[in-house]
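Asks: Please take these sequences and the hints and turn them into a complete structure.
Sequence lines, in order, name chains A, P, H, L and S. If you count the first sequence from 1, position 46 lands on 46 in the working numbering, and the numbers rise without skipping. If you count the second sequence from 1, position 145 lands on 145 in the working numbering, and the numbers rise without skipping. If you count the third sequence from 1, position 208 lands on 208 in the working numbering, and the numbers rise without skipping. If you count the fourth sequence from 1, position 83 lands on 83 in the working numbering, and the numbers rise without skipping. If you count the fifth sequence from 1, position 355 lands on 355 in the working numbering, and the numbers rise without skipping.
Wrong hints could be hidden among the right ones.
A few chain P residues that don't get close to chain H, going by computed Cβ distances all over 10 Å [as the list claims (entries may be wrong)]:
{"id": "1", "residue": "Ile50"}
{"id": "2", "residue": "Thr80"}
{"id": "3", "residue": "Leu203"}
{"id": "4", "residue": "Pro215"}
DSBU-like cross-link-like pairs, simulated, lysine-lysine; straight-line CA separation at most 35 Å [to be verified]:
{"id": "5", "chain 1": "H", "residue 1": "Lys70", "chain 2": "S", "residue 2": "Lys89"}
{"id": "6", "chain 1": "H", "residue 1": "Lys221", "chain 2": "P", "residue 2": "Lys28"}
{"id": "7", "chain 1": "A", "residue 1": "Lys155", "chain 2": "H", "residue 2": "Lys231"}
{"id": "8", "chain 1": "H", "residue 1": "Lys221", "chain 2": "A", "residue 2": "Lys228"}
{"id": "9", "chain 1": "S", "residue 1": "Lys172", "chain 2": "H", "residue 2": "Lys70"}
{"id": "10", "chain 1": "P", "residue 1": "Lys165", "chain 2": "S", "residue 2": "Lys427"}
{"id": "11", "chain 1": "A", "residue 1": "Lys155", "chain 2": "H", "residue 2": "Lys240"}
{"id": "12", "chain 1": "S", "residue 1": "Lys336", "chain 2": "P", "residue 2": "Lys165"}
{"id": "13", "chain 1": "H", "residue 1": "Lys231", "chain 2": "A", "residue 2": "Lys167"}
{"id": "14", "chain 1": "A", "residue 1": "Lys155", "chain 2": "H", "residue 2": "Lys221"}
Hint data in this document are derived by calculation from the structure and do not stem from the laboratory. Glycine included, C-beta positions come from ideal geometry on N, C-alpha and C.
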Amino acid sequence: MQTINDLRSTQTDASVAQPDVAPGSSRESADLLLDIQGLRTGFHTREGVVKAVDGVSLQLRHGEILGLVGESGSGKSITGFSLMRLVDPPGRIEADRMHFDGRDLLSMSPEECRHMRGRDMAMIFQDPMMTLNPTLRVDTQMIEALQAHERISSKAARQRCVEVLEKVGIPSPAERLLVYPHHLSGGMRQRIAIAIALLNAPRLIIADEPTTALDVTIQGQILYEVQKLCRETGTALIWITHDLAVVSGLADRLAVMYAGRIVETGLTEDIIARAQHPYTHGLIASIPSIETRGAELFQIPGSTPSLLNLPPGCPFQARCYRADGACVEDPPMEDVAPGHAARCWHRGVQA
Amino acid sequence: MPPDTDDLPLPAHASLWRVFVAQFRSSKLAMCGLVVLLIFLGLAIFAPWIAPQNPFDLASLDIFDSKLPPGSANMDGSMTYWLGTDGQSRDVLSAILYGLRISLFVGFVSVSSAFLIGTAVGLTGAYFGRRVDAVLMRIVDIQLSFPSILVALVLLAMLGKGVDKVIYALIAVQWAYFARAARGAAIVERNREYVEAARSMALPWHRILWRHVFPNCVPPLMVIATIDLAHAIALEATLSFLGVGVPVTEPSLGMLISNGFEFLLSGSYWITFFPGLALAIVVIAINLVGDHLRDILNPRNEI
Amino acid sequence: MLSTIIRRLLQTLVVVLVMSALVFAGLYVIGDPVLMLASPEATAAEREAIRQALGLNLPLWHQYAIFLGKAIHLDFGHSFLNGEPAMQLILERMPATLELATLAMFISVVVGVPLGVYAGLKPRSASARGIMTGSLLGFSLPNFWVGLMFIMLFAVMLGWLPAGGRGPVESFGPIQLSVFNWEGFKSLLLPACTIATSKCALIIRVTRAATRECLPQDYIKFARAKGVREKRILGVHLLKNIMIPIVTIGGLEYGQVFAFAVVTETIFSWPGMGKLLIDSIITLDRPVVVAYLMLTVVFLATLNLVVDVAYTILDPRVRLEAA
Amino acid sequence: MTGPPILSLRALRRDYVQPADLIARIGRMLKRAGPPPVVQAVAEVDLDIAEGEVVGIVGESGCGKSTLGRMLSGILPPTGGEILYKGQPVAGLDASSRHRYALDVQMIFQDPFSSLNPRMRVVDIIGEAPVVHGLVPRARKEAYVAGLMRKVGLDPAYRFRYSHQFSGGQRQRIGVARALALNPTVIVCDEAVAALDVSIQAQVLNLFMRLRKELGLTYFFISHNLGVVSHISDRVAIMYLGRIVEIADTDTIFSRAHHPYTQALLAELPSLRTDRRSFVPIRGELPSPLDPPSGCPFHPRCPHVMPRCKTQRPELRIRPGGEQRLLPEGQAGEQPAHMSACHLP
Amino acid sequence: RDLTIGLRTEPSSMDPQFHSLTPNTQLSETLFDPLVRTDKNAKPVACLAESWTVDGNVWTFKLRKDAKFSDGTPLTADDVLFTYDRVPKVPNSPSSYALYLSTVDKVEAVDPHTVRITTKGPSPVLLANLSLVPIMSKKAASGPAPEGKTTTELNRGDGLVGSGPYKFVSWKRGAEIVFARNEHYWGEKPDWDKIIYRPITNSAARVAALLAGDVDVIEDPPTDDLARLKSDANLHIQETPSVRVIYLALNQGDEPPKGMSGTDGKNPLQDKRVREALSLAIDRDAIVKRIMDGVGLPAGNLLPYPAFGTSKEHAKAEPSDVEKAKKLLADAGYAKGFTLSLGSPDGRYTNDKRIAQAVAAMWARIGIKANVETMAPSVFFKKRNTYEFSTYLAGWSASSGEMINPLKSLVVTKDPEAGLGTTNWSKYSNPDMDKLVLEASQTLDDDKRSELLQKASGLVMDDYGILPLQFELSVWAMKKDLRYEGRADQMTLAQDITLAK
Ligand SMILES: Nc1ncnc2c1ncn2[C@@H]1O[C@H](COP(=O)(O)OP(=O)(O)OP(=O)(O)O)[C@@H](O)[C@H]1O
Ligand SMILES: Nc1ncnc2c1ncn2[C@@H]1O[C@H](COP(=O)(O)OP(=O)(O)OP(=O)(O)O)[C@@H](O)[C@H]1O
Ligand SMILES: [Mg+2]
Ligand SMILES: [Mg+2]
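Replies: So this is what it looks like as C-alpha cells:
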C-alpha cells in the first residue's frame, strides 16, 4: 500500500517537475543563485516514511528575497535544513537538481558542505533562546564561526565581530561580546544570531521564522535590519514564516507550502492581490485585524495532515472549500500568469 | 468527524492494556529481559517446590557433602548437586533459588519503600521550598554522610538480625538518594505552566503535588530505581560481606557470593561463580525491562 | 556568595551536631567498647578502671556534653584503642584516601565520558549497547568481588601490579602521596580501578543521557549551520553542556568514595580513612568514628559548595542562591 | 445596566526582588549597599473590567502583562493595592466567596504544551477540577467532559488521549475547555494564541468569540499581537514598564491613539500589503525594569521627548473629548474614557 | 635480606605497655626482651634474666651482663625497675599490662644485675606473666610525663629503645611498620636486615599478597585455601597447635534463657543428660575435617593434651553418637527436642560462623532446633554479656599455656570482684571445682598443681559444663625458602623466622 503510494507520488513529481519547475522561463540559470528541482526529504521511521518535503522546486536570484509561507508542519524548516544539508538521520535528501551558486549541493563532500554552511549559506533559527549555546560566551560563538572557515587571528576575528554587531544595531557591541547569552534579551540574541549568519558575508541567508518568538517592536527592528542588510549587501534571503502579513512587506516573491509541496508561488503583489489556491486564500483571510473586528474570521478547518502515509490526491482536499471529485487526482503546478503558478484543479481568486 | 483527526487512530480506552502490551513487545531486547526476569521471579517464588533441597533447613545439610564440585552426587547417592555444594554443604542450585528469593525480595521492598519515602520528602521540599526544603535537605545530608555499615550495625544491635532488618537498613541508606533526585526533578516541574494552571483552578496543594508534579518526576526516578535495585542487591551483599547482612543460615544471593569468595582462591569457583552469574543475569534483565518501561510509560512515545 | 557560604557553614554546623549526637547514641546501642578492648581475663575492677579512664562511666549525655566542650577547642578526643588524638589519626590517613578517590574519579571520568558520549551519539549501534550492558555489570557486581578479581588477575596471575598496600610515597610536607612515584602509582592503580568500575558505569549512564538530551538542541544544529567542525561541536558545545550533570553526579560520588571507600580499602589493605572507619566501628572506637563522621560531613558540605560553584562556571545561567 | 464592574484593580502592584547574581552580591557586600533592587513588574494599575467585556492588554515583552494576569486569576498575590471582585476586596472575602472567586476567574495559558500536564489524559485535565470542587459528581465526569469537548469543538472520542497527541490548536482548545469546566465568568487569556500559526489562531479566536456570545464571558486578553487584540477586544490597554500608558475603546486606540508609544506600536503592525514597505523601528529597547528611567518611562525612546518628560512622570489622565459616553445600542454598561499618560497635549 | 610479613591485625600501639593484645605484644617481643621468654610451647626460658631462684614469695633474677639496648647503653636493674614502675602509670590503657603484675608486691634492685621480686602470695604464673612485660630503657623512655615517654611519643619511635634483636625504624599507620637489625643485640644475629610488617586484614587479600610475592610470610591464611597453598611448590605452610580452644557455652541458669522455647518454662540445659546429648550430637571430627580443612584438633578438654593440667582421660574428644544422644534426650523428657538460640561472632575466630552453623545442623539431627545468630563481634559480645543467647560459640586463648587460665576464666563461678569467672557467661557453677582451682592457684609445686588442675578440669568435662569443640592450629604460610616453627600462643616473632636450611 505504502510502496504504491510512494511510487505514485514520485512518478507524478517527476512527470510534473520538467514543465513547471521554472515558472519564470525568462530566467537564465546562470543568473540563479539557487536552483532546486524536485527536492524530496523523507524521514525513514519505523512507522514508515515521513515525506516532509515532497518535490519542492525553488529558484532564487542574487539578492532576491523569497517568503516561504505555510502552516506549522508543512515542511518549511525541513526545506531550509535540506538546503543547508543539515537534515539529521533518519532523514534523507533526494533531489533532481540542487545547485547553489553554480555548484551541485548533492555531490559535495561533507567537508565541502561544512565550508559551504556558514560561509556561503547561513541560517537563522526560530527560537532565539535556544540557538545560542547557553554555556559559551557570545564572543566564543561568534569567533568560532569565523575561524571555522578561514585562518584568522582571534583579534582580527573579534574586530570583525564588533563590526557586524554594530551593523545589526547592537549598542556597545564590544561589551556585548563578553557576556553569556542569558544576559541578553530575546531580541538581542536574535540579532546576534543574525550577526553570526552575516559574519562570513554569505550569499544566501535562510531565516526560519526568526521573529515568531519575539514581540512586535522587536520584530519590527529585526525586519528593518534584515531589509537594510539585503539591500546593502545584495544577499539573497529566504524568509520562512506562517504569517503572510510579516513577509508581505518584505519579500519579492512568495512560495506557499502545504504538506511538503509548494502549492502556489509568484511575486508578492500577485499572490496577495490575486491568490489562486484555496489554501492561500485561507492564509490571507485568517489574519485578524481591526477590519475583521466583530466578524467571524475565515478559518481553514482542521490542521495539517500527518505527512506519514498521505492519501493520494491533493493533500488539501479534506480541508478545502472547493474540493470535489477531481481532487483525488494530484493537481500539477501550472502557470496562471508569468511568474505566478499554482497547484490546484480549482484555481481562481476568492469570490 | 473533523478531518484533522484522521491521522490519529482512536485507542478505545478498554484496550489501553493491549496498547501497552503491543508497545512493550516492540523491543525484542526488553522482551528477552522480561522473559528472563519472569523465569527468575518464578524460580524465586516457587523455589520451595522446585529446589532439590531446602538449604535453609539445617537438618537437611550433611557436612560431609561440603565443597563438592558441580555434578557430584551426595553421600547416599540420592541426589545430584548439579552446581556443586558450598562450604556449609548446601546445594548451590537450591541455595541460588532460595537466595534469589531473598535478594529479590530485599531489593524490591527496600527500593520501592526508599522510592516512596524519598520521593515524598523530595517533593515536599521542592514544593514548599525555603525553610522546609532546607531542613529536609539537611536531613538528607546527614543521611548521606552516614556510612551504611554503621546504620546497619545500629539497626542490627537495636532490632536484631533478620531479613526485615536488612531491608530497614537499606531503606535508611537509600531513601536520601531518591529524595535528592525527586527534589531536583520537582523543582523543574514546579515551575511549569501546568502547575500554575492547577493552582489557578484552586486545587489543593497535596493534589497538585501527587497528581501533577509527581507523575512528571517519575521518569528520572525510574532510572534511579532500576539502577538502585541492582545497587540494593549488591549493597546487601556488601553488608553480608561485612557481617551485618541477612542471617547466615538463610543466605541471600549476595551472601552466597561473598561466602563463596573465601573459596575462590582454593579453586572452588562454583560457590561464588554461579550465584554471581545469577545475580548478573537478573540485574541485567531488570534493567532491560526498566529502561524499556520508562520509554513506553512516557506518554510522548505513545503511538 | 559569601552569605551563601556562611549560611551553608551554619547549616553544616547543625548537621555536624545532629550527626555527632546520632553517632554517640548509635555506638552506644551497638555495644560496649570496654568489652572489645579489655582483656577477657580482666577483673571487674580493672574494667571499671578502663571505663573511668575513658570516661565511659558517665551517663551518655554527660559524655556528649564533655565531648562538645572539648570539640569547641578542636579537641575531638583520643582514640580508645591507641590513645592517639582521633583527628590526627584520621588526618594522617586522609591523603591516602584522597589520592585513591581522586584517581578513581579521574579514571571513571576519563573512561566514562567518552564512552557515554559515544553511546549517546550512536544509541542504536551494537557497540553502544555493549557499553550500556557493560556498565550495568559495573553496577551490579559487588565491589569486593571486583576487587578480588582484579587482585587475582593482575597481581596473582599476571603479577603486573602489587596485590595491596600503598607502596612507596613521596612526601610533600606533611602530606605523603604515592601517585607521583611509579611503584606507588602501581599500587594505587588496582584499588582505584575497582572503585572506578562502578563509578564509571554511573558516569557512562549520566553522560549518555545528557548527550541524548543535548544533541537535538537547536544550538548544536546552529553550530553546524555555522560550519563549525564536528570535533569542536562535540568537544566544546556538547561537552560543556553535558558537564553539568556529570559534575553533579561526579561530585556526589566523589564525596561518597572519599568518605566511605571502606570495602575497597579493606580488600587492598589501603591505609586510608575508610579502613580506619570500619576498624573503628568494629572496635567501637567512638572518638575516631565521631571525629571521622564530623570530618566527612564538613568535607561533603564543602564538596557540595564546590560543585555549586562549578555549576556557576559551567552553566552561567545558574547563580548561587541561599538554599 | 451600569452596575458595578465584575473586577476592579485599585493601585495594584507587584514587586519582585531580583535574585542578584554572584558578582552583584559581592559588589553590594563590598559597597555595603542597601537591600537588593526591586523590580516593579506591575506598578499602580487601576482598571475596571465590566461584565461581558473583552479587555485587551498590549505591551512589549517584560512589561508586566503576565504578572497582571496572574494576579487577577489569583495565582500570584499582589504586593500592594487590591483587587475588587464584584465590589468586594478579594483580600477580605470569606472562604466561600473566595472559593467562588477562584473558580470564577480562570486562565488560559500561552504555551498549549507546557500548560497541559503531559502525563494526564484529557478527561482528567478537563474533569479534575470540577470533580474536586464538587461541581460535578465523579460518576458524571466523563459525560461532563464530553459536553465541554463538544462545546470547544473537540471530538469527545479523544478524551482518553494525552495532550501531545493533539495538534496545537486542539491543545489550546483543551486549555479552553479546562477553564470553562469551572463555569467561570472571567477568563484571563495570557498570550493564548501567540503560539499558534495563523490558520489555527483563527480557529481559536473564532471559538473565543463564540463562547463569549454563548456564555456571556468576560475576557482579559493579553497579547503582544496588535492584530489579534484589535480583532477581539472592546477596549485596549497599552502597558509599558509595569504601567498602563493608554487605555480606550478599540476604535479610539486604532484611530486616535494619543500616546507616542501606542503610535509607535501601531506603526509596527504588520499588515498584508502588496507593495514593499520600509520598516522603521522604535528606537531603543525596553529599559531594564530594575532601573527604570526617571520621569516618563518612555522618554528615552520617545520621538517627542520634552525636558519635562525626563523629570516628571505623567499621570494617566482622561483625554479631552474622550469622556465617558454611553455605548452604542445593544451593549450594556458605560463606555469608559480614553485615558493616556503623556505630557503631550 | 629483608623480610615482609603480612599481619592479620595491625598493632594499636608501639608502646609495649599500652594495650595487652597479641598483635602489640608480638612486635614488642621483637623490639624488646623481657626478663624471661616463653618458648614455642609456652614454657618459660631465660632471656634477659640468665637465671632465677624462687624462695616462697621472693623471686631473685640474675640479669645478663652483656645485654645492651639498641642505643648501645647496657641494661641494668634500674631499667627493670623503671619498666615495672611504668606499667600502672600508662594512662587510658584499654587493656592494661598491670594485669601481669597483679601478683607482684614489690620490685627491688639488689645490685645493677640482680632484681628481686616479692609477690603477694604464691604465684605460679609469675614467669609466664613477666614474659609479656618487656624491659624498656630508662634512659630513653624517661620524660616529663608521669609515665615518662608517653604512648604517643613511643608510637612515633621516640624513646622506643629496647634490647631485642630489632630496633624500630618507622610506622606508617595502616601501611607498614619497619624494623631494622639491632647491632647491639646480645644474642645470635637474626637472619634479616630489615623487617617490614604490612597489616592486611582481609584474609583473601593476605593470601593474594603472598601469592603475588608482595610479602614473604602471612599469618593465618584462610583454612579453605590451605589445600591449594600446600600444593603450591613455591610455598611452605607451618601448622602449629595453639592454646586456643573453640567452645560452646550453655546457659545453665534457672530461667529458660533467651531464644529457648518448647521447654515448658524449664531450662533443660540444667540437666546434665541434655548437655551430654548436645555434646554427643556434635561430630567434632567432621567439623575439623570439613570446615577447618584439617586445621584444628577435635577438643575433649580446654587445653590440648599434654599441656599443663590436662589429663589423659580427656585427651581425646568423645566420638559423636547420635543414637545415644537421642536416648539421653528422651530420658530427660525432651524426646521431641526443643528450640534454642546459638550465638556466634562473625569473623572473630577462624570460621566461627560456619562452625556454628555446622553445630546447629548436627543438633538438628537429634531434634534440637538451634537458631544461629551470628553478628559482628562488637554486637555479639554485648549481647553475650547480657545473656541474650541460650548457647554461644566463642574461643579462649590460654596464653600462659596451663589449665588454670581457662578454668578460672570460663567455668569457675562468677565473682567479678575477685576476677573469677570473668568470661563465664553460662551461669555454670560447681563449688567443688571452684575449690580445686583456688587451691591450684596458690600451689607452687608443679606436680601437685597439675594434679589439682587435672581433677578440676575432669569435673567440668564430666559434667559437660562447657563443650570444647576444637583447638585451632595456628597457621603461617611463607615462601618456600623460609621456615618458622610457629608458637602455641599464636605470636609471629620475626626473629624466629629463618631461611630454610
Ligand atoms: N526527525 C523527524 N522525524 C520524523 N518526522 C519529522 C522529523 N522532523 C520533522 N518531521 C516532520 O516533518 C514535517 C515538516 O516539519 P517542519 O519542521 O519542516 O515544519 P515547519 O513547516 O517548519 O513547521 P513549524 O512552522 O511548526 O516550524 C512535520 O510533519 C514533522 O512531523
Ligand atoms: N518570578 C519572578 N522573579 C523576578 N522577576 C520576575 C518574576 N516574574 C516576572 N518577573 C519580572 O517582572 C517583569 C514582568 O514580567 P511578566 O512576565 O509579567 O512580563 P510579560 O509582559 O508577561 O512579558 P512576556 O510578553 O515576555 O510574557 C519582567 O521584568 C520580569 O523580569
Ligand atoms: Mg519550522
Ligand atoms: Mg507573559
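Asks: None of the hints should be skipped; say for each whether it holds.
Replies: Each hint, compared with the structure:
1. Ile50: holds (24 Å)
2. Thr80: holds (27 Å)
3. Leu203: Nearest chain H Cβ is 28 Å from Leu203 of chain P, so the label holds.
4. Pro215: Pro215 of chain P is indeed farther than 10 Å from all Cβ atoms of chain H, at 20 Å.
5. H:Lys70 <-> S:Lys89: holds (24 Å)
6. H:Lys221 <-> P:Lys28: holds (32 Å)
7. A:Lys155 <-> H:Lys231: holds (23 Å)
8. H:Lys221 <-> A:Lys228: holds (27 Å)
9. S:Lys172 <-> H:Lys70: holds (27 Å)
10. P:Lys165 <-> S:Lys427: Given pair Lys165 of chain P, Lys427 of chain S holds - Cα atoms ~30 Å apart, limit 35 Å.
11. A:Lys155 <-> H:Lys240: holds (24 Å)
12. S:Lys336 <-> P:Lys165: holds (31 Å)
13. H:Lys231 <-> A:Lys167: Cα-Cα ~31 Å, so holds.
14. A:Lys155 <-> H:Lys221: holds (26 Å)
When the structure is compared with the earlier hints, no violation turns up for any of them.
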